[in-house]
Amino acid sequence: MSKDIRIKKGLNINLVGAAQPSTSKAVLSNVYAINLLDFHEMAPKMMVKVGAELKAGEPLFYNKNHKEMLFVSPVSGELVEIVRGARRKILTVKILADKTQLRLEHKPLDPEKASGDDIRAYLLKTGCWPFIKQRPYDLIANPLTTPKAIFISGYATAPLAADPDYVLAGKEAELQAAVTALGKLTPGAVHVSVGKKSNSPLTGLSGITLHRVSGPHPAGLVGTQINKIDPINKGELVWTIQPQDLVILGEALIKGVFNPERTIALVGSCVKTPQYYVTRIGAEIATFLYASGVNLDNFRVINGNVLTGSRTKPDGHLGFYNTTVSVIPEGDDYELFGWTRPVFNKISTTRALTFSWLQPNKKYDLNTNTNGEHRAFVVTGQYEKVFPFDIYPMQLLKACMVQDIDEMEQLGLYEVIPEDFSLTEFICISKQPHQKIIREGLDLLHKEIG
Amino acid sequence: MRDKRLTFKKRLHILKHHYRGNKWGPAFSAFHTFLYTPNETTHSGAHVRAADDLKRTMNTVIMALVPVLLFAMFNAGYQYYAAIDAAHGTPRELSVWGNFLTWQNFWIGIKEVLPLVIVSYGVGLLIEFIFAVIKGHEVEEGYLVTGMLVPLIIPIDTPLWMLAVAVAFGVIIGKEVFGGTGMNILNPALTIRAFLFFAYPTWMSGDKVWVHEAVQRAGTPDAISGETILGYLAQNQAHEFTYSVSDMFFGFIPGSVGETSTFLILLGGLYLIFSKIASWRIMLSAVIGALTMGLIFNGIADAGWIAEGSKFYGLMSFTFWKHLIVGGLAFGIVYMATDPVTGAQTNRGKWFYGFFIGLMSVMIRVFNPAYPEGVFLAILLMNVFAPTIDHYVVRANIRKRMRRLKTATILPKAKDEQAEKLKVETI
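Going down the list, the protein sequences come from chains B and R.
Each position in the first sequence, counted from 1, maps to that position plus 815 in our numbering.
Each position in the second sequence, counted from 1, maps to that position plus 58 in our numbering.
Certain hints may be false.
So the derived list for chain B, only partly shown, Cβ under 10 Å to chain R, looks like this [what the hints assert, rightly or not]:
id, residue
1, Asn827
2, Glu883
3, Val898
4, Ala964
5, Pro974
6, Ile1047
7, Asn1048
8, Gly1124
9, Gly1146
10, Asp1147
11, Asp1148
12, Met1209
13, Cys1243
DSBU-like, lysine-lysine: derived pairs with alpha carbons at most 30 Å apart [to be verified]:
id, chain 1, residue 1, chain 2, residue 2
14, B, Lys870, R, Lys479
15, B, Lys1043, R, Lys458
16, B, Lys999, B, Lys986
17, B, Lys1177, B, Lys1087
18, R, Lys67, B, Lys1128
19, R, Lys74, B, Lys1161
20, B, Lys1262, R, Lys464
21, B, Lys1177, B, Lys824
22, B, Lys963, R, Lys471
23, R, Lys74, B, Lys1246
24, B, Lys1246, R, Lys81
25, R, Lys479, B, Lys1262
26, B, Lys1246, R, Lys67
27, R, Lys81, B, Lys999
28, B, Lys928, R, Lys479
29, B, Lys1262, R, Lys471
30, R, Lys68, R, Lys81
31, B, Lys1213, B, Lys1043
32, R, Lys81, B, Lys1251
33, R, Lys68, B, Lys1161
34, R, Lys68, B, Lys1043
35, R, Lys74, B, Lys1251
36, B, Lys824, R, Lys81
37, R, Lys458, B, Lys1251
38, R, Lys193, B, Lys1213
39, B, Lys928, R, Lys471
40, B, Lys879, R, Lys473
Rather than coming from a laboratory, the hints here were simulated on the basis of the structure.
Backbone N, C-alpha and C define an ideal beta-carbon position, used for all residues, glycine too.
Let the hints inform the model, and build the full structure from the sequences given.
See below:
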């Protein structure tokens, strides 16, 4: 029995370079790296020294504020480098992979029989816990708290996102184990959403509340779905997890091993043959990027999708939460009279001599140019057209900019995380950094309210 | 550096680095970004961005104003020669191709209207540049529209020095003191118009200023009329003018430079709605507001609650929908009320904001003893109230969230001892 959610406001960004439904196994990476910037506000404490030999799944470091929360090595090998930044902050931990892979094995846990506390302890010690994120504040879930509900979005609408139906095919057992376990962690429901006509393995799971979602981006963002299903109030907590990470969770429960293997989509107009690759968290991007080939010199590699991903390089490493790697052209060139001439090759929500409204299904080859300069907020009513939340987006952004805590709370900052503002940032005429503003607002709120 | 093989684009690129951090940087950047969209790429957040920027938005409004400006230049000449003919006792019969779209008319437009445009842009942009250089920020595009609006909403014979003073006042006090484009409370173009009206009332009102040379000729044997339709109505002289509804709609009537052609304003407004630049909510609700007030006044006049000799009778009994095609109401609704910075910012607020602009415009127009026009005062007034309207709209959203809070499921946090239990032996 499923419930329907129809999102009307939004915008699909159709780009060139969607992944073809074929999967290859990426060559093994020499060096794997965990990027600590993937874990916002997490203070790590190393548990092993450079030179240590580790099995896959053995702990690397823990969270200083939650010593029970372990972060484990994705491969077996030697810890070769701890890259530190200003004030000795740890940025990256690098592991040189062994030829033969050894795994740390735990005793499998049957989620049907286990208690909530057992599951918590098990997920924490196997290194699976960091996959669970919490709202408000978009942080790794605090294991001492209990969420009112858990949300999983199996519907991807972000530009060039990996198709969850494709990558999850055949993973029913792992998914079922994971959602059964998660169900023990909350008194509320485990909400799972899929596309309207999807035949995803998620649809057959038991112990969940299934929602069928339709509509343009951001219908697939879990934040949009939370807002429509059960919005977050002040003081409430919800947890979210990506469906691909459920597979890793499920495998840990069933087999007792941390296997951070993922099917990622390599996409973007700069990729010669965009397709799926099976690789691991932390693998060097070059190991699959050049297998598909790149057709331009001046490109940007993005860990994630083009709206919310982080910038990296071909010798960078796959992020902890990423299921997509996008490669698009850099736009560091001038355009003569770009502000007035008719535009046919870019997306726009207006019709001010911009013609994307004529061909709603055309695929565009967008580059990283900002298409204009940063300005004060001037135009009103634009964000509302692509922002399906029951929230006033510009008023909330302004409250964050002036650091007005009361306004931030009242206008609904608890309900959003930066990615929910990625689409308003995309269409912003004043080219304001919405995601940064929201992140800073959340950080301030977290610091003040706790 | 001066290599001939360098393209113009590359030279400007080199110059940009030369001016970076320099106090003339903003001024150079304004010219550079006018020629070329910058090579700036995304640094944080979304890696790709939509095509629109503020320059394109402002440019769309200017494009919607160009037909109005061209018509105004012809109409300046037409009204001038028509008034002379009328003074000689041979009223003109309008013929669009015969005596309206003529070089003779256009020449008056070039002589009289173009200098207003040049002074408005010259003074305004100079001040914008000075502020940008002093404060070290970019030259923002807001004035591109303001500079075009100002010459279209003033009488044709406004002395250029007065315009220069008013523009300086409007840009500095109306906008820059608040922090520039996007921060101002009052519409800058209307602040300029209001300054002219209150600083030089004898020039800005009366029955002479609306047609070229009518003021100079007053009292001489060559005197011509310069009265507007609203002026006649305010003096209960509805029988004095012979303009047909079609004249009023297409704009072959005297008035402020660009306000007369409701037809072209309507086309401009439709283009702004189609291109999704201006708010259709404000435009529609303002029209509804104006019609509502017009109907109320018509009802009062029809019911006989007001004597025919009353000084308000002429305007009150004026058929309600005709208010939209005379005076500056249409121009104000389409181009000034829709200013996103000074208008209401929430979609629901825009309905109230627009409605009251329409309502107040007609009300002030009828009751203002000094000057039979009210749209600029009504918009300025609603500019002041727009944040209040938004406040109540946003409060409603907040109240909804507060009500929801009562049913919140706030679950207790486990005690810290629990953490010890979860901890594994490895630490």
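Self-check item: Asn1048(B) as chain R interface residue, shortest Cβ-Cβ below 10 Å
Solution: holds, 4 Å
Exercise. Decide if the proposed pair is consistent with the structure: Lys68(R) and Lys1043(B), CA atoms, cutoff 30 Å inclusive.
Key: violated, 51 Å
Self-check item: Straight-line alpha-carbon gap Lys879(B) to Lys473(R), limit 30 Å
Solution: Holds, because 17 Å separates the two Cα atoms, which is no more than 30 Å.
Quiz item: Under the criterion that the straight-line Cα-Cα distance not exceed 30 Å, is the pair Lys1246(B), Lys67(R) satisfied?
Solution: holds, 24 Å
Practice problem: With a cut-off of 30 Å on the C-alpha distance, tell me whether Lys1213(B) and Lys1043(B) pass. | Solution: holds, 24 Å
Quiz prompt | Hinted pair Lys1043(B) and Lys458(R), Cα distance within 30 Å | solution = It holds: about 14 Å lies between the C-alpha atoms, which stays within 30 Å.
Quiz prompt | Pairwise hint evaluation, Lys824(B) against Lys1177(B), where the allowed Cα distance is 30 Å at most | solution = Roughly 19 Å separates the two Cα atoms, so the pair holds.
Quiz item: Do the alpha carbons of Lys68(R) and Lys1161(B) lie within 30 Å of each other, as the hint requires?
Solution: holds, 24 Å
Practice problem: Starting from Lys458(R), check that the Cα of Lys1251(B) is at most 30 Å away, please. | Solution: holds, 27 Å
Quiz prompt | Pair hint outcome, Lys1177(B) versus Lys1087(B) [Cα-Cα no greater than 30 Å] | solution = Answer holds: Lys1177(B) to Lys1087(B) is near 19 Å, not above 30 Å.
Quiz item: Can the restraint linking Lys963(B) and Lys471(R) be considered satisfied, given a maximum Cα separation of 30 Å?
Solution: Holds - the C-alpha atoms of Lys471(R) and Lys963(B) are around 12 Å apart, at most 30 Å.
Practice problem: Quickly compare the C-alpha distance for Lys1246(B) and Lys81(R) to 30 Å and report which way the hint goes. | Solution: holds, 24 Å
Hint violations for this structure: numbers 1, 3, 27, 34, 36, all remaining hints satisfied.
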